[in-house]
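For reference, the chains in residue letters:
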Amino acid sequence: MEFLSLNILIFAPLIVAGIILSPLFPNDEIIVRRFAKGFSGILFIYSILFMIFFKPYNTGYQFKETIKLFSNTNWIEPLGISLSFGLDGISVMLVVLTTFLVMLALIASKKSITTKHKLYYSLILVLTTAILGIVTSRDLFLFFLFWELELIPMYFLISIWGTGKKEYSAMKFVLYTFFGSLFMLGGILLLNYFHFLNTGIYTFSIEALTYSRHYDIPFIVKALIFLGFFIAFAVKLPIVPLHTWLPNAHVDAPTPVSMLLAGILLKMGGYGLIRFNTQMFPEMIKIFAPMLIVLGVINIIYAAFIALAQKDLKLLIAYSSISHMGFVLLGLGALNTIGITGAMFQMLAHALISAGLFLIVGVIYLRTKTRIFSHLGGLGQVMPKAFYFTMLLALASLGLPLLVGFAAEVMIFYGAFTSNSLDGFILSNQFMTALAAISIIITAAYLLWMLQKIFMGNMFEKWQKAYDLTPQEAIALTFLSIPIVLFGLYPEGVTSLFLPFVDNLVSNLAL
Amino acid sequence: MEFFINNVWIIPALPLWSFLLILFGRIFNVYENKYISLALTAGSTFIGFISSIFILFYCINNPETSTQYNILWLDTGNLKFSIGWLVDNLAAMMLVVVTSISLLIQIYSHGYMEQDKGYHRFFAYLVLFNFSMLALVLSTNLFQTYIFWELVGVSSYLLIGFWFYKPSAAQAAKKAFIINRIGDCGLLVGTLALLFYSLNWWTSSQNILLEFATLGQAGSLALANAGPVLFGLLALGLLFGPIAKSAQIPLHTWLADAMEGPTPISALIHAATMVAAGVYLIARLYPVFELSPQIMTIMVWVGAITAFIAATIAITQTDIKKCLAYSTCSQLGYMVLAMGVGAYSAGLFHLITHAYFKAMLFLCSGAVIHSLADQQNMKYMGGLRKKIPIVAYTYLIGTLAIAGLFLSGFWSKEAILLSLYIQGKNLLLIIALITAFMTAYYMFRSYFMVFEGEYRGHAHFHKPSKIMTVPLIILAVPSALIGFIFSGSLKSIGIGSFDSFIFYGHALHEAHVSLFLPICSLIIATLGFLLAGIIYWDKLKSLYCNCFKLVEKYFSPLYKLSTNKWYFDDFNNLLIKYLILPISELISIFDKYVIDGFINLCGISTLYKGKAVSLLQNGNIQTYLVTALLSFIAIITVVFLIYII
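Same order as they appear, the protein sequences are chains A and B.
Take 1 as the starting number for the first sequence in this note's numbering and just add one per residue.
Take 512 as the starting number for the second sequence in this note's numbering and just add one per residue.
These are computed hints drawn from the structure, not numbers from a lab.
None of the values given here were measured: they were computed from a predicted structure.
Mixed in with the good hints, there may be bad ones.
Stated by the list, open to error - Quick list of in silico lysine-lysine cross-link-like pairs, DSS-like style, CA-CA up to 25 Å:
#1 B:Lys-677 <-> A:Lys-462
#2 A:Lys-465 <-> B:Lys-628
#3 A:Lys-385 <-> A:Lys-465
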């Protein structure tokens, strides 16, 4: 497997972005788009190979790689910072998901991006590098670097190609994430410093920091580090009350960027929570489990109720996103194999479903130039294909059995219900889970209401000329629907990738 | 015969296969011919029907058989959910009922939907429903039931909203799904709780998780673990599923609205099969419910109140489908009542007889509506017996059956009344008898309004095609005879009674034969028939002394209560309008102005602070370095102090 190099996977998009941006590259919309799409397709196939050759029963990092400098030293040797990458159970799924959604976002870009094509496609590819870097770095410092790098393309993508109050939204997104990252940076430095105090070695290696288990760090410091990481990821996930950037960013971002935002960027929060808060600090997560579950249930119910009151289609989907990400917290807070597996699976399910729903929002906005429910109606008569795809996505989102959302919800509900992570807390796991289960009614209510408002009922005369899906949109939605049905029927196809990792994680928790 | 038992998966698999064929056939425009969709749908059901018949005979000959086969669906951690098929007497019976009614209705649908633009879509949904329903019937465990429970719900949603461009249909479809979701939520939490409290049993015994075969032992363990109160809540959660699916009060309001769908759907899903799934699930979960006497009591009263209230609503409906819908609701109440008092066989017997005659009644109403150009109001019908005699006579058979006048409904209803009588539940018996009276009244009322007297409408009449009337004639046979055949009267020629075939615990042997109850209920049904005749039948109208107007005059509050459906819908709308929506609006406003407002406030104040801080940023490198150094020292000091502490 010599040809499978993570370095190539991560940095190829960056190089291609440079090629596209270079003045030598023809400034022709069609060529730029086809080149970017073609590259993203190759990247997706390449990442699939990683998944095929990945050995799930090996719980450590695989495909390890470290870039050495000329003198065969690490990147910043004195501080123990190295350019090292690797894949393990939770990152392999996210890598494939990232390349997959980037490909679909590029396919869906045709109609919604009308200016500055070179810049747009190269920014998307820079974003790809940043995300792939986040999920594959084996070095905390590198992780942080990619975490911050991701903000730059996002800021421009929203503020240049967005609509409405786009500068405000982009700035809000960046400031919010910065605010979170600041705490994380504090946490990283504290962790590094105390590791140095205990061992006399400077290192940012995630493996070294994870398996040293921090017995010698005082409790209060550990709690501070934990919370530092937690706040950064809470902003990203997002967790109520740190979620208000998300509706703004989604509403004002262009369709493909919304797809990536909901599909991948939110998952970085979940990834961080598992990788750092759970894997690195097993004893702290047990203490903070009640917080996770309470926040998770608040997320689920609170955002679902808000979604019920929305009059704007994109805001409804955005709040439903927040509500569904609450399930990740709930599953994680269960601290058992099935709960964490469910949380991982929910990340996948939500990525596929919400990317599809945001694409649908874009499809409707292109035709009608409105997202307000009271201006829409009866579109099912002129856009039957869009109607059926939306129905499939909405049903998957509300957890219809044999579609992908259901498997995730079942695992999370079961994990949370049978967990005892809240022992000693005033509320029991069973009560909290039952409370979260109410959301299946509210979710059904707002999603079916949305379907009814947009596609059913009387049609306004002015939408008579709305055209159905273009081939690009249909292809993107078909690509999304295939895994939605496939992994709904056969969830083990995905869970087997990270089940051994999660098992290992949970057995570490028990120590 | 062993072959059919071992390959029972074919029965649900063929409809699924047909669904995919129709779906992809349409996506890629492979064919246009309507007969291909029809052949795929009806063909798959026909094969299912034949195998079901063989399976039923096998089960009759080997009454103690219970075969199951499971496939592991989800294996994560200690969670191992399976999907499979279970064949026992109950499942075999349900298979025959579902496939036979489905087959006839699919053929009928061809006539009913031939002119519709969405013909293929209709058959795709129909066959999807068939798959889900058959897989639900064959479920081996509660988890699988939940899966297909939701899938039949979504098929029902798709079919109610089949004419999605009609706002009322869209509204009704959404309402049906959401109300069913309330039940599903209860069912889900109940299932999780049952699993949680009996987890040790499942893991130690290596059984299929939540399998029906050993639910009794697991249930008693759960009772021991959870205590009676929590166990009662658990069982109540489980009961919520059947309450919503079988349209029991207070979650019954969706069923009448569901009549917005095409009439064959009303017959198949909202009368004969899906709504009966609630009763079927109660039968499957009987070992759990039985452990909690309070839940059985709740079940009894839910059933009794539903039977009564729905019947009182049905007597004033003028829409023929609404009238039949409330009658379905009322009869389902009967079944739940029977299950609640422990009359397991009687409840299921009524389920089966009801499935046949109610499917037929709905198909008759469909034929009437179709021939009157979509007129559903009975006020604009009348005298149709002379024009469509076949429909009229089959409707009459159905009416006699449901009213409990000798035909099949008589036998099953009698079984329920008898068990109430034996157990000495006199209050319930009286409610049941009053309901029976009302049933006879409103059914004959509808018969007289539609088929007798003079035609009062203006719609152009056209005759229904043969493809619609032949299924009616075929359905009339079981509607008339099935009760008698399985009543036990034919023991001499080898056909045992229903309760010797399907029973809970051990077979009951009728010890109590009295003529009092049958005669009593026959008299009551006849009274209902006479009252309806006096008011609505021209030949008897001469006898009537304006009593209808008297009723309207002196009982107008009651009359209003009935026409307004006891204000359930109004109450629900008020609840949504003045409680749920305001709450969500309130939270939304809170989110927008308090949480986001706070964040924006921080942003603005930072902007001003930024102006102050920018004084420091004068471009002087030394100042920067000093500031950086000071900050670094400050941070290190703080960290160090914390470390020392």
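Exercise. Are Lys-385 (chain A) and Lys-465 (chain A) close enough, with their CA atoms no more than 25 Å apart?
Worked result: With Cα atoms ~15 Å apart, Lys-385 (chain A) and Lys-465 (chain A) stay inside 25 Å; holds.
Exercise. Taking only the CA atoms, is the gap from Lys-465 (chain A) to Lys-628 (chain B) under or equal to 25 Å?
Worked result: 20 Å, holds
Problem set entry | 25 Å limit on alpha-carbon distance, applied to hinted pair Lys-677 (chain B) and Lys-462 (chain A) | Roughly 18 Å separates the two Cα atoms, so the pair holds.
In this structure, every one of the numbered hints holds.
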